[in-house]
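Student: The lines below spell out each chain.
Protein chains: 2
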Amino acid sequence: MHHRPERDKRVTTHVALVARAFGAKGIFIHGEDMNLLKTIEKVKANWGGKYFSIEFVKNPKKVVRDWRNSGGIVVHLTMYGIPIDNIMEKIINKNTKILVVVGSEKVEGWYYYNSDYNIAIGNQPHSEVAALAIFLDRIYKGGELNIQFSDAKLSIIPQERGKKVRKNE
Amino acid sequence: MHHRPERDKRVTTHVALVARAFGAKGIFIHGEDMNLLKTIEKVKANWGGKYFSIEFVKNPKKVVRDWRNSGGIVVHLTMYGIPIDNIMEKIINKNTKILVVVGSEKVEGWYYYNSDYNIAIGNQPHSEVAALAIFLDRIYKGGELNIQFSDAKLSIIPQERGKKVRKNE
Numbered sequence: 001m002h003h004r005p006e007r008d009k010r011v012t013t014h015v016a017l018v019a020r021a022f023g024a025k026g027i028f029i030h031g032e033d034m035n036l037l038k039t040i041e042k043v044k045a046n047w048g049g050k051y052f053s054i055e056f057v058k059n060p061k062k063v064v065r066d067w068r069n070s071g072g073i074v075v076h077l078t079m080y081g082i083p084i085d086n087i088m089e090k091i092i093n094k095n096t097k098i099l100v101v102v103g104s105e106k107v108e109g110w111y112y113y114n115s116d117y118n119i120a121i122g123n124q125p126h127s128e129v130a131a132l133a134i135f136l137d138r139i140y141k142g143g144e145l146n147i148q149f150s151d152a153k154l155s156i157i158p159q160e161r162g163k164k165v166r167k168n169e
Numbered sequence: 001m002h003h004r005p006e007r008d009k010r011v012t013t014h015v016a017l018v019a020r021a022f023g024a025k026g027i028f029i030h031g032e033d034m035n036l037l038k039t040i041e042k043v044k045a046n047w048g049g050k051y052f053s054i055e056f057v058k059n060p061k062k063v064v065r066d067w068r069n070s071g072g073i074v075v076h077l078t079m080y081g082i083p084i085d086n087i088m089e090k091i092i093n094k095n096t097k098i099l100v101v102v103g104s105e106k107v108e109g110w111y112y113y114n115s116d117y118n119i120a121i122g123n124q125p126h127s128e129v130a131a132l133a134i135f136l137d138r139i140y141k142g143g144e145l146n147i148q149f150s151d152a153k154l155s156i157i158p159q160e161r162g163k164k165v166r167k168n169e
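Residue numbers (our numbering), protein chains in the order written: chain A, 1 to 169; chain B, 1 to 169.
FYI, nobody ran anything at the bench for these hints, they're computed from the structure.
Accuracy of the hints is not assured; some may be wrong.
Pairs count within a copy or across copies, as identical chains cannot be separated in the list.
Unchecked claim - SDA-like cross-link-like pairs, simulated, lysine to any residue; straight-line CA separation at most 25 angstroms: (1) K97 <-> F28; (2) K164 <-> M79; (3) K9 <-> P125; (4) K62 <-> E32; (5) K141 <-> M88; (6) K9 <-> N35.
Kindly generate the complete structure, drawing on both the sequences and the hints.
Tutor: Rendered as structure tokens:
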């Protein structure tokens, strides 16, 4: 939501990287940013996850409406919402596709009234990057940290010191 | 580590906001950024947490050395490290102060060899903002999301729709 290419480029890139690394299927980005696209495509090419889609949209409200019309639920992460611990079980039990809306403090009121849930990852100001990470962590119950991409060219072999990367043939 | 004011301002601000909101006592930042300082001081003034310290340092290696010399442990978060699930219990059992080192992919090799632990929040490229959030979440076992600052001027009253803020007299 409300990606401002100059100001927010790095933050939106972090949101996209977290989405991929923590198991989301793709991301919609309001606006267009070819540098961001290049960064994520390079990560996908090296570390896998070609299925992860990046779609730039002009009308994010339409994305929300279409998502709900097709049976999915829309979760808006905001410090003003209901604590995640109170609502997570309900959301997991819905067992349907979830669209997560994140943005800066400038997110329009419309999203508060047209999402299924407004959820707080703590009621303090912090970061949409952290909020998305914790939300996906609760959805996947920690399993996202063991994600493997079968199409990865490069894989890390965890080390106590230094860096070790395996090239997959 | 390696804060580049022009490029990284927003990301480092997010790191600092997550640190405060998720229960850290303060942050050391390599370099100097008065806009970042202003942003965080404003958050502290409104939402509380005056104890949260922001210290700009010229020599972050000295911070690491001093921390260890004074009995604390240093944890460097990196995608190349040991999976967090394998090591968290050990760290919590140390029951001592923890310095968390985060940075971009440009973090020098020195930190890999002079931290007590190199820990991976997943072995995928993502974000130091997300990595710090998940690390603190595991330290505090989710309790960080209920953090209250006794010196807050403003507090959120969680809502299903919209925003509700209480002014504390």
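Student: Now tell me, hint by hint, if it's right for this structure.
Tutor: Hints, one by one, checked against the model:
1. For a Cα distance limit of 25 angstroms, the shortest separation of K97 from F28 inside one copy, 14 angstroms, qualifies, whereas the shortest one across copies, 40 angstroms, does not.
2. Taking the closest pair of Cα atoms, K164 and M79 come within 25 angstroms of each other only across two copies (10 angstroms); inside a single copy the shortest separation is 39 angstroms, beyond that limit.
3. Both within a single protomer and between protomers do K9 and P125 lie at most 25 angstroms apart by alpha-carbon distance, with minima of 20 angstroms and 17 angstroms respectively.
4. When the C-alpha separation of K62 and E32 is checked against a cutoff of 25 angstroms, the pair qualifies only within one copy, where the shortest distance is 16 angstroms, while the shortest distance between copies is 42 angstroms.
5. Taking identical chains as interchangeable, the C-alpha atoms of K141 and M88 lie at most 25 angstroms apart whether they share a chain (11 angstroms) or sit on different chains (16 angstroms).
6. For the homomeric pair K9 and N35, the shortest alpha-carbon distances inside one copy (8 angstroms) and between copies (18 angstroms) are both at most 25 angstroms.
Figure legend: structure checked against the earlier numbered hints; every hint is met.
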